[in-house]
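Visitor: Residue numbers (my numbering), protein chains in the order written: chain X, 528 to 722; chain L, 2 to 390.
Zero decoy hints are in this set.
Stretch-level coverage of chain L by chain X, calculated; a stretch enters the list once three of its residues show a Cβ under 8 Å from a Cβ in chain X:
id: 1; segment: 178-190
id: 2; segment: 289-300
Just some of the chain X residues that point at chain L, by a computed CB distance under 7 Å:
id: 3; residue: Thr564
id: 4; residue: Val568
id: 5; residue: Val575
id: 6; residue: Asn576
id: 7; residue: Thr577
id: 8; residue: Asn601
id: 9; residue: Tyr602
id: 10; residue: Pro603
SDA-like mimics (lysine to any residue), calculated; alpha carbons at most 20 Å apart, straight line:
id: 11; chain 1: X; residue 1: Lys599; chain 2: L; residue 2: Glu306
id: 12; chain 1: X; residue 1: Lys599; chain 2: L; residue 2: Val15
id: 13; chain 1: X; residue 1: Lys627; chain 2: L; residue 2: Ser377
id: 14; chain 1: X; residue 1: Lys607; chain 2: L; residue 2: Glu379
id: 15; chain 1: X; residue 1: Lys607; chain 2: L; residue 2: Ser377
id: 16; chain 1: X; residue 1: Lys666; chain 2: X; residue 2: Ala704
id: 17; chain 1: X; residue 1: Lys572; chain 2: L; residue 2: Val15
id: 18; chain 1: L; residue 1: Lys12; chain 2: X; residue 2: Gly571
id: 19; chain 1: X; residue 1: Lys599; chain 2: L; residue 2: Phe282
id: 20; chain 1: L; residue 1: Lys12; chain 2: X; residue 2: Val568
id: 21; chain 1: X; residue 1: Lys607; chain 2: L; residue 2: Ala374
id: 22; chain 1: X; residue 1: Lys572; chain 2: L; residue 2: Tyr16
id: 23; chain 1: X; residue 1: Lys607; chain 2: X; residue 2: Ala624
id: 24; chain 1: X; residue 1: Lys599; chain 2: L; residue 2: Arg281
id: 25; chain 1: L; residue 1: Lys12; chain 2: X; residue 2: Glu695
id: 26; chain 1: X; residue 1: Lys607; chain 2: L; residue 2: Ser383
id: 27; chain 1: X; residue 1: Lys607; chain 2: L; residue 2: Gln309
id: 28; chain 1: X; residue 1: Lys627; chain 2: X; residue 2: Leu617
id: 29; chain 1: X; residue 1: Lys572; chain 2: L; residue 2: Thr191
id: 30; chain 1: X; residue 1: Lys607; chain 2: L; residue 2: Glu306
id: 31; chain 1: X; residue 1: Lys599; chain 2: L; residue 2: Thr280
id: 32; chain 1: L; residue 1: Lys329; chain 2: L; residue 2: Ile366
id: 33; chain 1: L; residue 1: Lys12; chain 2: L; residue 2: Asp196
id: 34; chain 1: X; residue 1: Lys572; chain 2: L; residue 2: Pro13
id: 35; chain 1: X; residue 1: Lys572; chain 2: L; residue 2: Pro193
id: 36; chain 1: X; residue 1: Lys627; chain 2: L; residue 2: Glu379
id: 37; chain 1: X; residue 1: Lys599; chain 2: L; residue 2: Gly14
id: 38; chain 1: L; residue 1: Lys329; chain 2: L; residue 2: Arg360
id: 39; chain 1: X; residue 1: Lys599; chain 2: L; residue 2: Ser377
id: 40; chain 1: L; residue 1: Lys384; chain 2: X; residue 2: Arg606
The hints are simulated quantities; they were obtained by calculation from the structure and are not laboratory data.
A quick note: this is a predicted structure, and the numbers were derived from the prediction, not measured.
Ideal placement from N, C-alpha and C gives every residue a C-beta, glycine not left out.
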Amino acid sequence: MMDIGGGREVSSSGRYEIRIAGFGGQGVITVGKILGTAFSVFEGKNSVNTQSYGPESRGGACRSEVVVSDGKINYPYVRKADVFVALSQLAFDAYIAELKEGGILLVDPNSVRDISERDHYEVYEVPTALIAHETGNAKYQNAVALGALYPLIKDYLKESSLREAMDENVPPETREANMAAFAKGIQYIKDHYHK
Amino acid sequence: MAGPSEKNLLKPGVYYLQGNQACAEGAITAGCRVYAGYPITPASEIMEHAALRLPQVGGRFIQMEDEISSASVLLGASWAGAKAMTATSSPGFSLMQEVISFAIMTETPLVIVDVQRPGPGQGYITTSQEDVMQARWGHHGEGSIIALSPASVQEMFDFTIEAFNLAEQWRTPVLVMAEETVAHMREPLTIPPQDQIKVVNRKKPQDLGISPEEFLPYGHAMVPPMANWGEGYNVNHVSLVHHEDGNVTKYNRDIHLDSVSRIQQKIEGNTDHIARVETRFLEGCRHLVICYGSVSRTAVEAVMEARQERGIDLAFLRLVTLWPFPEKKLREIVRDVDTVFVPEMNLGMMKHPITEALRDRCNRIVPIPTLGALHSPEMILSKIYEELK
Numbered sequence: 528m529m530d531i532g533g534g535r536e537v538s539s540s541g542r543y544e545i546r547i548a549g550f551g552g553q554g555v556i557t558v559g560k561i562l563g564t565a566f567s568v569f570e571g572k573n574s575v576n577t578q579s580y581g582p583e584s585r586g587g588a589c590r591s592e593v594v595v596s597d598g599k600i601n602y603p604y605v606r607k608a609d610v611f612v613a614l615s616q617l618a619f620d621a622y623i624a625e626l627k628e629g630g631i632l633l634v635d636p637n638s639v640r641d642i643s644e645r646d647h648y649e650v651y652e653v654p655t656a657l658i659a660h661e662t663g664n665a666k667y668q669n670a671v672a673l674g675a676l677y678p679l680i681k682d683y684l685k686e687s688s689l690r691e692a693m694d695e696n697v698p699p700e701t702r703e704a705n706m707a708a709f710a711k712g713i714q715y716i717k718d719h720y721h722k
Numbered sequence: 002m003a004g005p006s007e008k009n010l011l012k013p014g015v016y017y018l019q020g021n022q023a024c025a026e027g028a029i030t031a032g033c034r035v036y037a038g039y040p041i042t043p044a045s046e047i048m049e050h051a052a053l054r055l056p057q058v059g060g061r062f063i064q065m066e067d068e069i070s071s072a073s074v075l076l077g078a079s080w081a082g083a084k085a086m087t088a089t090s091s092p093g094f095s096l097m098q099e100v101i102s103f104a105i106m107t108e109t110p111l112v113i114v115d116v117q118r119p120g121p122g123q124g125y126i127t128t129s130q131e132d133v134m135q136a137r138w139g140h141h142g143e144g145s146i147i148a149l150s151p152a153s154v155q156e157m158f159d160f161t162i163e164a165f166n167l168a169e170q171w172r173t174p175v176l177v178m179a180e181e182t183v184a185h186m187r188e189p190l191t192i193p194p195q196d197q198i199k200v201v202n203r204k205k206p207q208d209l210g211i212s213p214e215e216f217l218p219y220g221h222a223m224v225p226p227m228a229n230w231g232e233g234y235n236v237n238h239v240s241l242v243h244h245e246d247g248n249v250t251k252y253n254r255d256i257h258l259d260s261v262s263r264i265q266q267k268i269e270g271n272t273d274h275i276a277r278v279e280t281r282f283l284e285g286c287r288h289l290v291i292c293y294g295s296v297s298r299t300a301v302e303a304v305m306e307a308r309q310e311r312g313i314d315l316a317f318l319r320l321v322t323l324w325p326f327p328e329k330k331l332r333e334i335v336r337d338v339d340t341v342f343v344p345e346m347n348l349g350m351m352k353h354p355i356t357e358a359l360r361d362r363c364n365r366i367v368p369i370p371t372l373g374a375l376h377s378p379e380m381i382l383s384k385i386y387e388e389l390k
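Bound-form chain X, shown alone (with noise of 0.2 Å):
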């Protein structure tokens, strides 16, 4: 029996919370579950991965969080978010009210054009659909993300446990790619703003 509430206590403030939102199609559910296996089985921390459901999220803004604590997540979808990345102007749209002032916010400048309110964020533009047709395939632009969000949130959890954890949930003929457009992403946070 899970004994909810029980153990040690988590408020809000116990919680980090990562969204990540976009089209259907971009492979944001994958990242969230990437996220989450890696903190939960690689780091040993607790973690919940919840994703929208229903007609909504088919094309249209299509979300993925991950709540991650040290002791029990009770709620478990995201309160506020610390970290934001937003792959389309609809999904920022949606969920921009609901990331923290001074959180992180990576966004795909080719497709969020409209940053509202820019300088209450710490705001990281990385056209990942570009790096990602660069690459060979735009379909790895969730990996090219999940790469340039990695060094903005490393306090939290290490390269190694995130490349495990995509080792667990891409198919194994596209491990490769995933891998390549996954570094392509560390390197422009790299080259770009020094992280």
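Start from chain X and add chain L according to the hints.
Guide: Showing chain L alone in chain X's frame:
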């Protein structure tokens, strides 16, 4: 359990799985070796996972033409001695009511998982707690039911095992009343070593030294021992009112009252053994939130915040088991409170047995209903603050 298949059970360790996958793994761990089903959102991943895994552990998987036949497969499988399960979502659950009633009367152990989605009709495909009354009252006739309400991926695993154990122990159908929330979320799932997992198997007449000559298929005990087909015992599965020997032509009013009362009382009379609740801050509390399923996760967060931020003397009580309803337990532990809040993902269903149980134990019951999505903590808190200001 079959030996060669043991090696294909999940090894002990930590996995990151969806609730639906954890449910199917729980079934396999409990000894389920027959799965029959028909797909429906948001339950389909249970069936997908069962289709993958049952053959690996020496079990049988079959996709049927609809939900009625899916549930019916479980009857035959169980009579042949197998542990069997199906899973569906609300519209399919409606179709399975006939089999649930039949299984209660024939005292057939089986497990049905309902990953609830909103209704009525096709409703929507998100999350819901709108079938909690149907779980108890949807089947025709007298006869109680056991229904569990999981709130995490771990519990989707644990409670499915428990559902099989209860089904075997009490010779009755058991329901796992899941919700899309817990069915689709991913969380760490800890699989303990197999020898630390309690698995219950049905009592057979052979176990009790009852010979085929003296065997009564509905006799000997409050929970009659159950013989498999093909083992030399007279196995007469009858859903008409029957004598202990399974004969229906001996009908009289006493047999009717005795047999159906026994079937009802073996569950209701053992509510204290079957039904569980979880509580926090309950001792001497002034106000109380009562909830179940994934709403418990939001509610406990709201309760902690109301206590910390506003100093409200608010306690938390979760119904782990929905049916049989733990009325006696509730009356024992809730003595005198002011306001009882009942958040549910329906328009107010379990608030009815709660109201009945606490009729003289609280000043008022305040429902906090919602449809199609889990309450946010803010939604529960704002109602609490509004009512207690």
